[in-house]
Each structure stands twice: as C-alpha cells, then as structure tokens.
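Here is what each chain is made of, one letter per residue.
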Amino acid sequence: MRFLPSSLVLVLLMGCASDYRHLQAVGPDPTCTDKIAPLYITTSWYNASVDVVGKHLSGLLLIKNMPDSSKRVVFTNEVGVTFFDFGFAGQGDFKVYNVVSQLNRKAVIATLRKDFELILCLPFRNRLYDRFVAGDEVYFGVKQKSETAYFITSKDCASLQRLEWGTARKRMVSITTPGSGYPSPETIALVHLNFDMQIKLTRIQRE
Amino acid sequence: MVDRFSPCVLRIVRFILLITFIGFGDPAIAQYTGYSAVADVPSFRKRFNEESLKIESISSNFTQEKILSALTEKITSSGKFSFKRSNKVRIEYLKPFVYLMVLNGDKMLIRDEQKESRINVKANRLFQQVNRIMVDCVQGTILDSKDFSSKVFEDRNTYLLEMTPASKTLREFFQTIVLVVDKKDYSAISIVMNEPAGDKTTITFTDKKLNLQLSDAVFAL
Numbered sequence: 001m002r003f004l005p006s007s008l009v010l011v012l013l014m015g016c017a018s019d020y021r022h023l024q025a026v027g028p029d030p031t032c033t034d035k036i037a038p039l040y041i042t043t044s045w046y047n048a049s050v051d052v053v054g055k056h057l058s059g060l061l062l063i064k065n066m067p068d069s070s071k072r073v074v075f076t077n078e079v080g081v082t083f084f085d086f087g088f089a090g091q092g093d094f095k096v097y098n099v100v101s102q103l104n105r106k107a108v109i110a111t112l113r114k115d116f117e118l119i120l121c122l123p124f125r126n127r128l129y130d131r132f133v134a135g136d137e138v139y140f141g142v143k144q145k146s147e148t149a150y151f152i153t154s155k156d157c158a159s160l161q162r163l164e165w166g167t168a169r170k171r172m173v174s175i176t177t178p179g180s181g182y183p184s185p186e187t188i189a190l191v192h193l194n195f196d197m198q199i200k201l202t203r204i205q206r207e
Numbered sequence: 001m002v003d004r005f006s007p008c009v010l011r012i013v014r015f016i017l018l019i020t021f022i023g024f025g026d027p028a029i030a031q032y033t034g035y036s037a038v039a040d041v042p043s044f045r046k047r048f049n050e051e052s053l054k055i056e057s058i059s060s061n062f063t064q065e066k067i068l069s070a071l072t073e074k075i076t077s078s079g080k081f082s083f084k085r086s087n088k089v090r091i092e093y094l095k096p097f098v099y100l101m102v103l104n105g106d107k108m109l110i111r112d113e114q115k116e117s118r119i120n121v122k123a124n125r126l127f128q129q130v131n132r133i134m135v136d137c138v139q140g141t142i143l144d145s146k147d148f149s150s151k152v153f154e155d156r157n158t159y160l161l162e163m164t165p166a167s168k169t170l171r172e173f174f175q176t177i178v179l180v181v182d183k184k185d186y187s188a189i190s191i192v193m194n195e196p197a198g199d200k201t202t203i204t205f206t207d208k209k210l211n212l213q214l215s216d217a218v219f220a221l
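Chains as they are written, first to last, in the numbering used here: chain S, 1 to 207; chain E, 1 to 221.
Simulated from the structure, these hints should not be mistaken for lab results.
Heads up, a few of these hints could be off.
[Stated by the list, open to error] Below, a list of computed lysine-lysine pairs in the PhoX-like style, where the Cα atoms sit at most 25 Å apart: (1) E:K183 / E:K208; (2) S:K170 / S:K106; (3) S:K200 / E:K74; (4) E:K115 / S:K55; (5) S:K64 / E:K74; (6) E:K200 / E:K146; (7) S:K95 / E:K200; (8) S:K106 / S:K95; (9) E:K209 / E:K168; (10) E:K209 / E:K88; (11) S:K95 / E:K183; (12) E:K95 / S:K200; (13) E:K74 / E:K200; (14) S:K55 / E:K122; (15) E:K46 / E:K151; (16) E:K54 / E:K146; (17) E:K115 / E:K95; (18) E:K115 / S:K200; (19) E:K46 / E:K209; (20) E:K183 / E:K54; (21) E:K54 / E:K209; (22) S:K95 / S:K64; (23) E:K168 / E:K122; (24) S:K200 / S:K55; (25) S:K55 / E:K107; (26) S:K106 / E:K209; (27) E:K200 / E:K46; (28) E:K74 / E:K95; (29) S:K95 / E:K74; (30) E:K95 / E:K208; (31) S:K114 / S:K64; (32) E:K184 / E:K88; (33) S:K145 / S:K170; (34) E:K200 / S:K64; (35) E:K95 / S:K64; (36) E:K80 / E:K107; (37) E:K151 / E:K184; (38) S:K145 / S:K95; (39) E:K88 / E:K208.
Sequences are here, hints too, so could you generate the full structure?
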C-alpha cells in the first residue's frame with residue numbers, strides 16, 4: 001500500500017511520456033531523402049473503406065493531380081453519389097468544392113483535411129526535413145504549426161516504413177503502404193491513434 | 001425609319017414567341033435531342049403502370065459510368081442486376097471492384113470487400129428514399145412517386161422520364177434522375193443520375209431477360 005503513491009506517479013509519468021522521446025536529432029541526409037522522400041502520389045482511383053467509431057462506410061476515392069499542380073480528392077459511394085470533393089493547392093490552401101450535409105461538420109472536415117494532406121505527401125514537398133534517429137528507424141520531420149509530419153525510413157534508407165502526424169508528445173496518425181509504395185501505392189492504410197478511425201484505400205486497376 | 005421596319009420586327013418577335021410556345025424554349029427538350037414532350041401524360045402514366053405490371057422479373061448485366069465533369073475523370077464499373085416483383089432488387093458490382101446491394105422489402109444487405117451490413121431502411125429516411133427510387137424505376141411506379149415531379153418525353157423507340165426531386169434531402173444528391181424506357185416492353189434501358197455539381201452517373205442495362213424464374217434465394221439477406 002505504501003508503494004501506491006510512487007506507483008501512481010510512475011504510471012502518470014509513463015502516460016505523459018512522449019512517443020517521440022527516443023528521437024535523437026542528427027544532421028541531414030540528402031542522399032537518402034533524394035532517393036526515398038514521398039513527394040507526391042499519382043492520379044488514381046481507390047476502393048475506399050472507412051471505419052469510424054463502429055460505423056463502416058465504403059466507396060470510391062479519386063486522387064487527381066490537376067494541371068495547375070493542385071490536387072483534388074473526391075469520395076463517392078459505389079452507386080456514384082458524391083460524398084465530398086476537396087481541393088488542395090500550394091501554400092496550404094484548402095477548398096471544399098462539395099460535401100454532403102451529413103459530413104459537413106467542422107471537426108470532420110478538419111480531420112479529413114489533415115488525413116489527406118499526409119496521404120498526398122503535401123508537408124514533404126519543400127524538401128526541408130529535420131532528421132532524427134530512433135533505434136532501427138530514421139525520422140524525417142516537417143513541423144507544421146503544433147504538429148509534425150514525419151516520413152520514417154529504415155536505418156539503411158532502403159525502405160519507407162510509414163508516414164505519421166504527431167504532436168510534440170503523441171503519435172496522432174500513421175500511414176503504411178503495404179505492397180508498392182509512393183508515388184503509386186497499391187494500398188494505403190491510415191490509422192488514427194488517438195481515436196477509433198481507419199481509412200483503407202486499395203488502388204483500382206482500371207480496364 | 002423605325003416605323004418602316006416595325007412590321008418586320010414584329011414578325012421576328014412573333015416567330016420567337018411561337019417557337020418558344022411550341023417547345024423549343026423548354027430547356028428540358030433542348031437537352032434531350034430527338035425527343036418531344038408526351039402530350040397526354042395521364043394516359044402514358046396509365047399505360048406505363050399497366051405494361052410494367054407485366055414485368056415480374058428482370059435479369060440483366062449493367063454498365064455504370066460515373067463522370068466527374070470538372071475533373072475530366074470517369075470510372076466505369078459493371079455487374080449483374082436482378083429484380084423480382086415486388087420490392088426485390090439485387091445489384092452486384094463485379095468489376096473493377098466487388099460490391100453487393102440487395103433490397104428486399106424494408107431490409108437491405110450491403111457487402112463490400114471489407115464488411116457485410118444489414119440495414120432496416122425504415123430506420124433511415126435517406127436509404128428508404130433511395131430504395132424507393134430503385135424499386136419505382138424498375139417496376140414502373142416512379143411516376144406515382146411523391147418524391148419527384150416528372151416530365152415525359154418520347155422518341156421513336158423510347159420514353160424518357162425526367163424526374164426532379166421534391167424533397168430537400170434528395171435535391172442535395174440529385175438535380176434530376178432520367179429514366180429511359182423501351183417502348184417495346186416498358187423496361188428500363190438506362191438510368192442517369194445528374195448531381196447538382198454537374199457530375200453524373202449513367203447505368204445502362206444490357207442482355208436483359210424479362211420474366212425468368214428468379215429464386216427468392218437471389219434476394220436473400
């Protein structure tokens with residue numbers, strides 16, 4: 001019983017411990033980033049599956065690179081009805097072209113915006129990265145306001161492990177691309193680590 | 001000078017008014033090349049209901065083309081469609097993705113590549129309306145639907161029914177739904193869903209077989 005207060009403090013300290021506490025800042029590695037940095041994603045249709053707090057939604061998702069270098073992300077259901085159409089331009093410009101009333105909530109749009117910014121690799125386009133090592137992985141980070149976007153490679157820079165959004169202390173979003181990776185990932189698996197939400201995208205091979 | 005040309009100007013004005021009143025000014029007709037308005041809609045409605053009642057089942061393939069006009073993008077999918085009177089519809093997408101939707105009365109089954117869900121459409125007004133549209137389109141009762149105001153046109157071989165949603169809920173998804181019906185047997189040839197933002201989805205039915213014996217198991221939930 002007399003150990004309870006110190007145990008509690010230990011648990012609280014562990015709860016407060018940063019997910020990024022093991023990162024050690026090191027110098028840049030342009031040879032690695034030139035080879036592996038995810039800078040864009042090719043225009044593709046994806047079969048999309050979204051699970052949010054027990055609710056399941058499926059449909060088709062178009063990621064389109066526009067001639068003016070902006071990006072559009074359109075989500076429709078299988079029957080063809082459009083749920084949302086978002087536009088991403090340079091310098092963080094974001095435009096909602098279309099959204100159905102059921103999804104037209106500030107928090108929903110903000111969450112989807114952040115998710116797709118990472119899927120589209122927008123934070124990494126300026127090619128200015130802070131580099132950190134942690135165990136067998138190397139983190140390349142771009143700070144954006146209160147959060148940092150990371151792409152994480154193997155120690156030898158042979159493979160891209162995942163993308164992440166994180167605050168100073170917590171991992172928020174993780175993206176893996178099993179199969180072929182960027183710029184034409186076959187599969188994109190996005191997981192929110194602070195609440196129950198997953199997006200799974202599987203590239204559609206058009207005839 | 002003005003007086004000298006007045007009769008000519010008046011003739012031009014009369015001509016413009018004339019073509020406006022005989023229909024060239026109707027944007028709907030202008031949109032449907034080769035079609036003219038059906039004069040006696042009540043009688044068409046009666047005939048449509050009577051003839052559609054003769055269709056007990058439909059089994060066909062379909063091709064669906066979704067066009068995103070602003071993005072100059074389209075995606076084409078295809079699959080199998082089945083209908084059995086009354087209130088049973090099965091839409092199975094096979095390429096380039098797998099997706100199954102079965103409507104059976106007030107119940108709906110949806111199976112995508114990840115999950116299977118059963119929905120009571122009565123509990124969801126939007127599902128209920130979409131369910132109703134599909135069933136009404138294929139069993140010939142769409143003109144009786146209170147969800148739409150309708151215009152009817154015809155050419156030599158087909159009738160074209162343009163339906164404009166009445167409710168705000170449906171207007172959010174569809175500007176119009178256009179159903180093209182074969183004059184031979186009053187079965188649906190195509191359904192076009194025009195969205196408010198200018199995108200459209202066209203479902204075209206092919207290899208259609210009417211009144212085959214379709215087992216209820218096809219529509220099992």
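For which of the previously enumerated hints does the structure constitute a violation, in increasing order of number?
-> 9, 11, 26 and 27
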